[in-house]
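Protein chains: 4
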Amino acid sequence: MLKKERKEGEGSKPAVKKQIQFADQKQEFNKRPTKIGRRSLSRSISQSSTDSYSSAASYTDSSDDETSPRDKQQKNSKGNGDFCIKNIKQADFGRREIEIAEQEMPALMALRKRAQGEKPLAGAKVVGCTHITAQTAVLMETLSALGAQCRWAACNIYSTQNEVAAALAEGGFSVFAWKGESEDDFWWCIDRCVNLEGWQPNMILDDGGDLTHWIYKKYPNMFKKIKGIVEESVTGVHRLYQLSKAGKLCVPAMNVNDSVTKQKFDNLYCCRESILDGLKRTTDVMFGGKQVVVCGYGEVGKGCCAALKAMGSIVYVTEIDPICALQACMDGFRMVKLNEVIRQVDIVITCTGNKNVVVRESLDRMKNGCIVCNMGHSNTEIDVASLRTPELTWERVRSQVDHVIWPDGKRIVLLAEGRLLNLSCSTVPTFVLSITATTQALALIELYNAPEGRYKQDVYLLPKKMDEYVASLHLPTFDAHLTELTDEQAKYLGLNKNGPFKPNYYRY
Amino acid sequence: MLKKERKEGEGSKPAVKKQIQFADQKQEFNKRPTKIGRRSLSRSISQSSTDSYSSAASYTDSSDDETSPRDKQQKNSKGNGDFCIKNIKQADFGRREIEIAEQEMPALMALRKRAQGEKPLAGAKVVGCTHITAQTAVLMETLSALGAQCRWAACNIYSTQNEVAAALAEGGFSVFAWKGESEDDFWWCIDRCVNLEGWQPNMILDDGGDLTHWIYKKYPNMFKKIKGIVEESVTGVHRLYQLSKAGKLCVPAMNVNDSVTKQKFDNLYCCRESILDGLKRTTDVMFGGKQVVVCGYGEVGKGCCAALKAMGSIVYVTEIDPICALQACMDGFRMVKLNEVIRQVDIVITCTGNKNVVVRESLDRMKNGCIVCNMGHSNTEIDVASLRTPELTWERVRSQVDHVIWPDGKRIVLLAEGRLLNLSCSTVPTFVLSITATTQALALIELYNAPEGRYKQDVYLLPKKMDEYVASLHLPTFDAHLTELTDEQAKYLGLNKNGPFKPNYYRY
Amino acid sequence: MLKKERKEGEGSKPAVKKQIQFADQKQEFNKRPTKIGRRSLSRSISQSSTDSYSSAASYTDSSDDETSPRDKQQKNSKGNGDFCIKNIKQADFGRREIEIAEQEMPALMALRKRAQGEKPLAGAKVVGCTHITAQTAVLMETLSALGAQCRWAACNIYSTQNEVAAALAEGGFSVFAWKGESEDDFWWCIDRCVNLEGWQPNMILDDGGDLTHWIYKKYPNMFKKIKGIVEESVTGVHRLYQLSKAGKLCVPAMNVNDSVTKQKFDNLYCCRESILDGLKRTTDVMFGGKQVVVCGYGEVGKGCCAALKAMGSIVYVTEIDPICALQACMDGFRMVKLNEVIRQVDIVITCTGNKNVVVRESLDRMKNGCIVCNMGHSNTEIDVASLRTPELTWERVRSQVDHVIWPDGKRIVLLAEGRLLNLSCSTVPTFVLSITATTQALALIELYNAPEGRYKQDVYLLPKKMDEYVASLHLPTFDAHLTELTDEQAKYLGLNKNGPFKPNYYRY
Amino acid sequence: MLKKERKEGEGSKPAVKKQIQFADQKQEFNKRPTKIGRRSLSRSISQSSTDSYSSAASYTDSSDDETSPRDKQQKNSKGNGDFCIKNIKQADFGRREIEIAEQEMPALMALRKRAQGEKPLAGAKVVGCTHITAQTAVLMETLSALGAQCRWAACNIYSTQNEVAAALAEGGFSVFAWKGESEDDFWWCIDRCVNLEGWQPNMILDDGGDLTHWIYKKYPNMFKKIKGIVEESVTGVHRLYQLSKAGKLCVPAMNVNDSVTKQKFDNLYCCRESILDGLKRTTDVMFGGKQVVVCGYGEVGKGCCAALKAMGSIVYVTEIDPICALQACMDGFRMVKLNEVIRQVDIVITCTGNKNVVVRESLDRMKNGCIVCNMGHSNTEIDVASLRTPELTWERVRSQVDHVIWPDGKRIVLLAEGRLLNLSCSTVPTFVLSITATTQALALIELYNAPEGRYKQDVYLLPKKMDEYVASLHLPTFDAHLTELTDEQAKYLGLNKNGPFKPNYYRY
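Residue numbers (UniProt numbering), protein chains in the order written: chain A, 1 to 508; chain B, 1 to 508; chain C, 1 to 508; chain D, 1 to 508.
Be aware that a few hints might be false.
Note that identical chains are pooled: a pair holds if it fits in a single copy or bridges any two copies.
Once the Cα atoms are required to be at most 27 Å apart in a straight line, the calculated BS3-like pairs of lysine-lysine come out as [to be verified]:
#1 224 with 456
#2 227 with 125
#3 225 with 367
#4 217 with 125
#5 491 with 245
#6 337 with 367
#7 456 with 78
#8 497 with 337
#9 337 with 309
Calculated from the structure, these hints are not laboratory results. Here the structure is a predicted model, which means the values were calculated and not measured.
All chains, please: the whole structure from these sequences, using the hints.
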């Protein structure tokens, strides 16, 4: 349905005149580039479902057994066989991974405790389609502790941690996922989640929109019982806005992608670390004294620039938006056009959300040894296709690292073939995933328990108060102590002592 | 009319459920604390009109002549006498100040050039009430170059640069202002601007709302010819929202206070520098190794924390809002309650927008020599009144610096008696004033030229495109080169090549 | 005697093959540039004695009385008249200044306490010649508490804080100093300190070498009773090395200028703050986004660069030494020749210790509004003389700020006429002065109590252990807790548990 | 011979009263802890020869062939068989590695060019014993280009890159090394380098002192023809000082370990990056908001602290030396005793050069999930042995990562079993190795060409001018442009225009 995936918080997130509205208002995106409309539900699989997610699966060895999981008879130790995974014997190993993850996801653990009595998801039947990792397992087991039944498939054919899937299956969850699914497997797994006699989901938790799409296509009647959709990805959110705009969205949907905490952590704070990590793991480059150009000064660009400056790099920035450009100036970066510095820089990083930011002409002018990578979105920012010409030689020197060699011997070091460096070559800290997972859980609770009429058939942002609640659940990790307003102060400020503390438009 | 003044961008700007709307939408603030309503137009003078603004007037010697300007016969060299200032002989000195300011306000100079042919303010009769400084003079002369007639009064009884007023009067402007006006003078000057036979203003440029208030009170019929109000201060903006809410706003008003560029510059970037400057000028304290607690992690707090951390201070932060608190954690600051660190810190800085953040109990527990100051808003954050008790001795050691001495000899160093440190003890860089002035000029042009019906009797934010335009006019100062979208890219992003580049809710 | 003053720790401190040796070794400087030798003891007054020291004297009003102090009959409240100062009535005001300074000089206060019983300076007769400030007063009263008698003159004709001198005189010290001495006064004061019937000094504490010089010239026989000289300034230290080299040094001398703590604080840490302070107080410039070139990457340059980078400036560095240049690269600064960036920078800062680093040709090429200042040494780095030509107009716009105007209207903003910005336009924090003063006191104690033969007629560095002791006395200011070695660890490292902890050549 | 290895630049490098002397002076270390003396030449293998060096060998697959290289008949394509390596077929792959390394070692390439005509090592017969990596290969081929003959062995049984060894052998070098040597292999290889009929070395390049030791033990007569030893490691340098002290050093030796550039790069700049890299690769920890204690504030500690602070961690520091402690304070770190913060920190990093800095008692008090690692020296800083008790469970969760589990379930994450994190879990950038290799090459040239009598049978530091030369050769990498002194300036400063620019004691 979508021609391109968009990364949240990219450098120059396009305006496209969206009007985000808040919990009690409907939300619409205007038209995306027109070609998108032409593609329809006859699509096969979303791009996000094939993006490699190397590190998340780093423990998993998929080479041990060549039989397809679909062809195996599967049972856990209690005789339950309503799942399909790689190898149930890995359950113990997976359990340990989950336990370790639990220690870094205190917010979900706190949710389990706080909601223990009330079971706010009692009766909820959640069907989910996300990356299947230890962190997801903590989320699923939290939902279960809150009263929900869960059935789950993977949103990506490569990213499943088989041992975690095994632990979940052993624990009684109906999981259908393994690392290295075929496209046919992918849809088969989703179908197995949804299509069960005597069981109908009433909540959807989706990441990328493929599950939602499948139900729309195959089981549209299911929506009668569904109370809402919680969607995490930019791609999936965009699809929902399209549906809404087309008048086809038949249940309320919660966009958890645009919550403040998720945005800041996924982009600014996470990229501040992952740019260094991704570059080091792939190239062992020394940052000190290096000249770097960062294309785009949105949250991702801001994070990259701050980190590299702190490590002693000399950073140049390109921008199309004068406001972001002015920020870059005030933060101490030279604002240039790419052409002005392309011959002298050692590293080129794209964070724009745009396409063809680095084109063949730029690549031709780079100096020998220049490293080129993309932190922005999808794989469109660097025109990698333009490098697939006969006179250039490609040499794979490490996993995710190619040398592209010009006839005169010049080598460009291209990382992850222009795909997202942070997904391909570094890891996402559990803490960031914890924020996302907690937001998802709260969104499910909100939608499931909302009184009739609070939400219509539209796309909503999480109420700010819940955003604040997610943040507050993560403060103990830092041993952070919040100050409480006195009655007098609350009155003075015209605020409720428990928040929300800021207007919706507050910029943070 | 207003019981308290609010500083823009303060640490914990209260939510008060405002819904900012954009250019084509009306904008309302919900009720402020209820007591505000009780005070009415019978007020005398806004607090902002008496805030001292020390540095802006640093060149001015007001002691030379004791005769009130109102009692003097005044004429400039061309025989024009339609003004009232301190001393026309200072005109040359003032002209030089203006010329220097021009060099740092390239955006206004660029506006003069670009609009030279078209005269977008031809026919405009602007009555203004702002600080009268060299920077204001550059603005006024720009408005004049764009075709406007201007009459001007001071919005503050202390802040007028007499020599600049003289240069303006000599240049033919009708200026009514001098340093050290009485309250009666203040209103007399405003009245002289407005009340002129055969001349009626059609545009208002206000800073604090006193001018607007005066016209409402004395000459309500004038509003029939007035096309709009441009208001810069938080206080004035708040008054406008009050009027709008009460259905009494009878012309469109433009809130230039909440534009992105102004906000970021007035708060984050400006405070990052002025906290250091203000502390050094008053106390000569060495920052390295000092323990500091910053109350509030809004834009102002973020700026203060970043600067002090960079100078080697150890910074603790207090917050009420869990989202800001989480940001502080990720930025490397210990999040504490004030009580936890009050005994050990060397410096206490308030940036909350709240009241009684530092109370007598905290002051009693501070260690000897602790410096206490306010960067947040007004003078409410530190409970200075609680220090006016018999057992404490006050000792003025420098301008703006008091030692408050406890019976046991402990001294607290209180700066600016709890008023805003950055206004009282440091200067606002011309560059920041340039951004504000440019935004004001553009707002006047927009309101004056807007087609019938674009703006109703309500309060508006500047359209984002104009915000971007203000930013773009300031980029040449940094020799910053913006990248332009290709047609293909613009299409891909669904953007107009000339902007706006971001949705209204974008956080920057 | 000296043609130029040299600032400690300057950017490119010349090697001149000095061989610093440590406490039990003699120390020699090789020849300085040859012309120095030509000037002899027939000199009048050292340059350092006329350097203005604006801020240190900021409280002092010298305009109240035109009678020369030498012509006045002076007595303190106890009838003692062995002093010569401006006005004894200012004693109370001065006492308060001293008390405030005491609170920021805890190391000296600790010395007073620790040495209370033993009186390690009992019998010492110290004659001193330093800046007379509140901080010096704390030192003098400490020496007195340790048992010494003190007589004191000013080392600079402008820097005396009259009220502090009054407080000292009132307290019984024989002080001969006032702000605004003539050259004749200067030497008269020094003579009055030394030349007293029935009293002969046995220790010298000097800053600049003028006192030492005077005794050499007028009372050479006094050296028979003198146990040693403690000298603080680069200039004075250089003179001592000259004397030593010439075989004319007849007592041991302690070079306190080159101790680690003093060096790091005077240069790196102090300049990191004073560059910002000096620029703000004089020009109110906004640092964010400014392009700055710093000439010299020694300790001073490192401090300036770090501060400006942190404030969002874009900093370029010039260097002659490839090692310092490599450090600048790794710290994230572009290493350029001045010519490459001179047209584009907003601020030029010299920190080289060299001469003619910024010459007329460079000044001609600077852009309008460029700020030029010197943080390095003396007034030789910027060729200010080259600007004294008829076609250029000088305009004094503030104290310490000149606009030099080219025929085409271009203005260069020259600070402090090329003299040291940090001395002229900012203040030295008391904490830095505390380190120096403590080092001086310890040096006096060491020299006064050293067993026969430990020190010969040569120049010595303070033993490292004393340097460490000075540091340890300042740690409580930061509530810093030092770890102690266990016996086992000390043995493992081959160290004494009480230090010294590092070899002499350790770089810190 | 040595009981412990010492890392250069460690936090609290012990004083041990060394007196470093410069090129024309002899240099001695005082006695190390006495037990060292007891071990004699009867030792087998130095510790450094078994330290794992994981990353350097990351490309090498050692599993392909189980036959010992010693048992194989080996010949390169030209029929030469004077080498012993793993597999000559890997030569092409190794050549590419070398070519890539050449691009990052421009200084050696420049040396090749500059010295092309003169061949300063013509006649030199160099026997070397170092890590055999691509970077070493560039050094060896440079020495060869300068005229030297080379025979080489590995200084570490694990670190050899087999494919590089193959490329060297194919290129005609007599290399004796493979990854995974036994101890017997180790000495056999060294012997094969040295013991060749008709060939005697006249220069030694050693890293760790094993080669030197072997010749001392087996072929003492060889020293008659040997002109000098160049030693790189702390361990090897210490051995040389021991020999010198014992009067047994029979040729001049050059200590390249203590050159400024090597020290700053190996410690400050390299650790600033490798602490982040090492922690990320092993634990994927997010740095933002983490509380970290760094033990030791020497160069290594300074680098770690700067990096973590920049990434948003809250950093505490422990120190024994008050001067370093004061620096930490001024740089913005709380100076604590370990016990004060041990319960609250998330990460503990040792950089002291000491032993038992983190003992069992501290480990018992750490919170769950605390990460513990060593950046300092050897494996003595953390008392790992104390964790080998029955009640604690060790769980290897990844390569180099152990969970040590307390009976109550608390887990400590121990990295690299307390060995050096930066060697075990991150890589050393080629640029750093380039500086070392260039210094080694210059030291060989200096010793080989020094006129009779310049160097005696002692240990020397590289002349400062050569240190500066090494730096200057690396500046082009950064496109850095050095300023040259004018004749006038050189005269003013008393410097030679070509350096050296600083006195030997300059601290940088």
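Worksheet item: Within a copy, between copies, both or neither: where do residue 217 and residue 125 come within 27 Å Cα-Cα?
Response: within (20 Å within a copy, 64 Å between copies)
Worksheet entry | 27 Å Cα threshold - placement of residue 367 relative to residue 337 | both (17 Å within a copy, 22 Å between copies)
Worksheet item: Between the shortest in-copy and the shortest cross-copy C-alpha distance, which are at most 27 Å for residue 224 and residue 456: within, between, both, or neither?
Response: Within one copy only: 14 Å inside, 44 Å across.
Worksheet item: Quick one: residue 337 to residue 309, C-alpha cut-off 27 Å, is that within a copy, between copies, both, or neither?
Response: both (19 Å within a copy, 22 Å between copies)
Discussion item. I want to check one pair: residue 456 and residue 78. Are their C-alpha atoms no more than 27 Å apart within a copy, between two copies, both, or neither?
Written reply: neither (42 Å within a copy, 70 Å between copies)
Discussion item. At most 27 Å between alpha carbons: which applies to residue 491 and residue 245, within, between, both or neither?
Written reply: Close across copies (20 Å), not inside one copy (41 Å); limit 27 Å.
Item to complete: Check residue 497 against residue 337 for me: Cα-Cα at most 27 Å, and say if that holds within a copy, between copies, both or neither.
Response: For residue 497 and residue 337, the Cα distance is within 27 Å only across copies (16 Å; inside one copy 48 Å).
Worksheet item: Quick one: residue 225 to residue 367, C-alpha cut-off 27 Å, is that within a copy, between copies, both, or neither?
Response: Neither way: residue 225 and residue 367 sit 60 Å apart in one copy and 46 Å across, limit 27 Å.
Worksheet entry | Intra- versus inter-subunit Cα pairing at 27 Å for residue 227 with residue 125 | within (10 Å within a copy, 59 Å between copies)
In summary, the numbered hints that this structure violates are 3, 7.
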